[in-house]
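> So the chains spell out like this:
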Amino acid sequence: MNIVIAAVGGQGAVLASKILGTLAQNLGKDVKVSEVHGMSQRGGSVVAYVKFGEKVYSPVVEKGTADIVLAFEMLEGARYVDYLKENGKLVVNTQKIDPMPVITGNMKYPSDLSEKFEELNIGYIPVDALSIAKKAGTLKAVNVALIGVLAKNSNIKKEEWIKAIKDTVPEKFLELNLKAFEMGYNLE
Amino acid sequence: MKKLMLGNEAVARGAYEAGVLVATAYPGTPSTEITEHIVKYPEINSEWSVNEKVALEVAIGSAIAGARTVVSMKHVGLNVAADPLMTVAYTGINAGLLIIVADDPSMHSSQNEQDTRYYGMFAKIPVLEPSDSQECKDFVKLGLEISEKFDTPVILRLSTRVSHSQSLVELEEKEKIELKLYDYNPSKYVSAPANAKKRRIFIEERLNELSNFADSSDINKIEYTNKKIGIITSGVAYNYAKEAVSDASFLKFGMSYPLPEEKIKEFVQNCDKVYVFEELEPIFEQKIRSIGLNVIGKEIFPVVGELSSEIIRNALLNESKIVIEKIEGLPQRPPVLCPGCHHRGPFYVLKKLKLHVAGDIGCYTLGGFEPLNAIDTTICMGASIGMAHGFEMARGKDFAKKSVAVIGDSTFWHSGVTGLIDIVYNKGHSTVIILDNSITAMTGHQENPSTGKTLSGESTNQIDFEALGRSIGINRIRVVDAYDLKALEETIKEEVNAEEPSLIITKRPCVLIKGVKFDFKDYKIDPELCTGCKLCLKAGCPAISFDGKVAKINDSLCVGCGLCKDLCKFSAIVEVVK
Ligand code: SF4
Ligand code: SF4
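Here the protein sequences line up with chains A and B, keeping their order.
Count the first sequence with numbering that gives the first Met the number 0 and you get residues 0 to 187, in order.
Count the second sequence with numbering that gives the first Met the number 0 and you get residues 0 to 577, in order.
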């Protein structure tokens, strides 16, 4: 299983990759998780890879080999669609965050991303994760709301997902996050 | 028990299991987490040093005094520590000394791309190179054993992908290692010519023994499968190659300097075609060619940037897996100062005043990019102050009045302080701005001499910029609130025009420091009042964007610092009343 998590710095990509890594370990798989953060703490592109299976060598997911791209923002989803293999799934938060070249007016935020995703030979699952997170009580739970959607679309048991979240998320934030997970999981 | 561990965390675990007693470091991506995990083992006495040179010097002292010691830094940090490195290679050690250096191929977060294996060759000391977290832990232990057995410091070379990826690690018990006796041995440790000349010979003998060890130890492994293709590799590149061409034969170096010549000869003779797949420089390749063997290397593999499974698959098998088309023409998302970052104010003002700004290394380097564009130069840690003085040396006092140096608090302690002393001593006129956000922010928030806390969170002397400035003879010292644009502008104007050196300290904690309370409010833009002039966008805050007609604030990103409010001439940025 190859998963790419694409996000904007500050959205919680690292926690999401930890949850997935823990999930894989709990399932008794070999697993590698790799994250690269650039120079900024908030606002730059962030990408993390999670791979698990019988034996995993490279910690990096290659283009054309991902089963899932889990994107926390539309533009970041678009940046990594070519990492998907044929019929792979793009689970994407429909939130749009303007990057600096758009803010400064040097470039336009592409307006037709969802049409482009529809046209590709992939499973396209748009999710309004920001609204879910707001309803759950914290804007920070976008990541776990998306994991809820991912869980629903996987064939791994729900209890395993919940256990991985409990193993990873600090006690203080657990309740809010479990709520966001449930809301993502039960989304129609 | 197996645990999923970051490479850096596994290094820390290795230090613990190997009975390390002292650990020093200066933070630098991708090496930082090593020390952040080491501090969790109370049996290890650890510190953030002010820079890598000091970190290594402390570590050398500790190893000679009898404690197994590790010191960690990023590749550019080893340049700073190069001076003690070259000499400790001569003196050798008493208890084990491991120098852990994390390279950053592809420069995810660095000012250059350099190959630490060269430093191993340069200093003639062994370099070990793990390829995953398990090896990170194992090689720390092995490295310390090699260090003690051969009386040499050892380099453990990591890379971003090894440091920052997690894989499973088998945990073991801590070894029982006693503090060794202090090694009083001036003829070995006083590196004066008469002594050093003898050690020079010793180094060559040691290198021979290390080469024999490289051949006999199973840290360098041959794996034969299909002998049509042989691949010689090390580090994370081994995993890339294994994934792409798993049925090839492999010679994997766990010790990448010195190399095992006998093993290389055997391997090359047994395979039809041999490829050398190494990240960055062709170091293995040149060595292998120099013993008269024919291999394929950098003529098909890049010398720039990280390697990948894709690269080796394309080069060897000519097949590529991409099926979904890339979406072209997307805007990049370059790194930016965080919403609410206190550096934004000073940079906004510096740009407005059209000053030449000598910049330095830290979050605030991002002030050099769109839309702030407020930095002229950035070279290395601590260079800004000396460079500003250089501007004046080259172009005179009037140019000094049009320029400033900016430097962060941690970087100032690292190596800015000597530049400042130089300006005072040599009668310069430069203005130096210390952007004091009370933390080492860019690497993820580490303590430093002005935060009042040590690595382990204990309270300590808080070293004061103002008192320091006065003590070295600076008369003009000003402290300004970094969010107060008016005060900043007035202060900077006055100080650049002064006929003597000045020090300005802009104070406000980084908005991401845990536990610091801000009196921030919620802001929004009133669309009725916004004229669409875009002036507020000049602050370069990622939380403000423009929808074509009016500006708006993204409430999931805004932290409410209020800086943008002062930029709006139409009072359109208003507090949200809850
Ligand atoms: S981490 Fe702190 S200092 Fe760095 S850009 Fe963000 S707010 Fe500024
Ligand atoms: S108040 Fe303005 S400048 Fe500060 S974080 Fe919010 S949008 Fe950015």
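Since the hints were derived computationally from the structure, they do not count as laboratory data.
These numbers were taken from a predicted model, which means no experiment stands behind them.
Idealized CB from N, CA, C, for every residue including glycine.
Hints are supplied without guarantee of correctness; some may be wrong.
[Claimed, not checked] To give an idea of the chain B side of the interface with chain A (calculated C-beta under 10 Å), a few residues: (1) S289; (2) Q331; (3) C340.
> Checking against the hints above, which ones are violated?
Violated: hint 1 alone.
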